[in-house]
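All chains, please: the whole structure from these sequences, using the hints.
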Amino acid sequence: MSETITLVPGALSLDTLRSIYRGRPALTLDPAAYPRMERSRALIDRIAGGDEAVYGVNTGFGKLAHTHIAASDLETLQRNLILSHATGVGAPLADGVVRLILVIKAVSLAVGASGVRPALVDALLKLYEADVLPVVPGKGSVGASGDLAPLAHLCGVLLGIGHVRVKGETLPAEEGLRIAGLPVFDLKAKEGLALINGTQVSTGLALAGLFEIERTFKAALVAGSLSVEAVMGSHRPFDARISALRGQPGQIAVAAAFREVLAGSELNASHQGPDCHRVQDPYSLRCQPQVMGAVLDQMRQAARTLVIEANGVTDNPLVLVDTDEVLSGGNFHAEPVAMAADQLAIAASEIGALAERRIAMLIDTTISGLPPFLVAEPGLNSGFMIAHVTAAALASENKSLAHPASVDSLPTSANQEDHVSMATFAARRLGDIAGNVADIVGIELLAAIQGLEFHRPLKTAERLEQAIATIRAEVPRYEVDRYFAPDLAAIGALVRNGALDHLMPVSLETAQ
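Numbering that gives the first Met the number 0 puts the sequence shown at residues 0 to 511.
Hints are supplied without guarantee of correctness; some may be wrong.
[Stated by the list, open to error] Quick list of in silico lysine-lysine cross-link-like pairs, DSS-like style, CA-CA up to 27 Å:
| no. | residue 1 | residue 2 |
| --- | --- | --- |
| 1 | LYS125 | LYS187 |
| 2 | LYS187 | LYS166 |
| 3 | LYS138 | LYS398 |
| 4 | LYS125 | LYS138 |
| 5 | LYS166 | LYS125 |
For the record, the hints were derived by calculation from the structure and aren't laboratory data.
Just so it is clear, the structure is predicted and the values come from calculations on it, not from any experiment.
Now the structure itself:
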């Protein structure tokens, strides 16, 4: 059994977040968090019992912030808030995303600047522990004033509102609470607002996109290495001295990864010396350190932003227990998440764009020197001709999906919320982009191996031979035309499942 991870507010790591998304490690909240939560709750109770109007505690919300709410109506106000804001539509968020949201929301509240009872934080973590996951529609947030609608669906479950997913079955929220051993909660002053205000949905979606793109990135480096070998390309562009003279850290890391993975290639050794005709390869081969290095730098920057956001307090107003103040601000505005997601969308699209160009090169006998369309009897067989068309279609689709979302804004709440981030869509579309890239890279993997095998019995480098063995265990060599769709589905799944991750020595954490 894996070791229990202690959640320390403000100290979530990228590795912990990745583990929560990929699986369900055991978690426990640092006991030191409880006294501060209790102090912040006590301050809210004092304010709620007084006459001073404080936004989010005893007033209406948004444009209705000037409406004072009587003490006898404060619990009704919080319940009404959840009910009225649960307006999401569309397909439910995936389980891994919901796990991330539950945990980041709980940790944010556990900082002790939101004024909720510790029991609510414990309840969110109990849902995670019991694998009782709220059903959260994916559409309906503009990323300011937080992710109101999706968080209302998530946290409404604590009130017995909505539905949960348990072992793939959808159940009423009250049944989910029973399975998790939780009561139906009545919310106190400010608690409903604290639960639904914040950037946890957009942040969870962006982290999920990052982790999916991370896998396609590593698989693309493997595919690019195999393509170099398939066309008997030069290893010289990966020389450390070239990247050192430029100084870009991502480029340096990617070039080093290529050198390590390609080391000891028998195939490469066969065409070295004065008779080698490879003077300068096409950019899609030669410039891989430059392009994929830039992608890595963007991924690392986005990862830093998202880890900070996952550890931050992003609801409103904020409870400052050290000075007995409640301050209204705008931490719920998800612009950092939107821009990080835009970075990732552009970077991921470039992974696919470069891979598509290498597929085009591999099937073009005038450039690759390989049989046309990578099949022994072209004409009678079409080989990889239309698999490349699929890759081109996906790469083109990503160009539209990668249009920055953060440059858009549509005022809401009767112009009280007059500039919004669109972070939730910016993050949600990363799943589609990553899926497209996984399929493009999968096609390149099959094409590159197909081409490389025309050079047998010569072998490539050891790690690449491992990649070939892994892939050939799932997809046999393309000898004559056959129903190709199942092969593309199998290789796409292999990329998504991270079967090649261990072969590529480069990571996001090195820049953390």
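Hints, one by one, checked against the model:
Of the pairs offered as hints, the one joining LYS125 and LYS187 holds, with about 20 Å between alpha carbons and a cut-off of 27 Å not exceeded. Using a Cα cut-off of 27 Å, the hinted pair LYS187 and LYS166 is violated, with the two alpha carbons roughly 32 Å apart. Taking the CA atoms of LYS138 and LYS398, the gap is near 22 Å; set against the 27 Å cutoff, the hint holds. For the hint pairing LYS125 with LYS138, the CA-to-CA distance comes to about 26 Å; that is within 27 Å, so the pair holds.
Distance check on the hinted pair: LYS166 and LYS125 sit about 16 Å apart at the alpha-carbon level, within 27 Å; holds.
The earlier numbered hint that this structure contradicts is number 2, and it is the only one.
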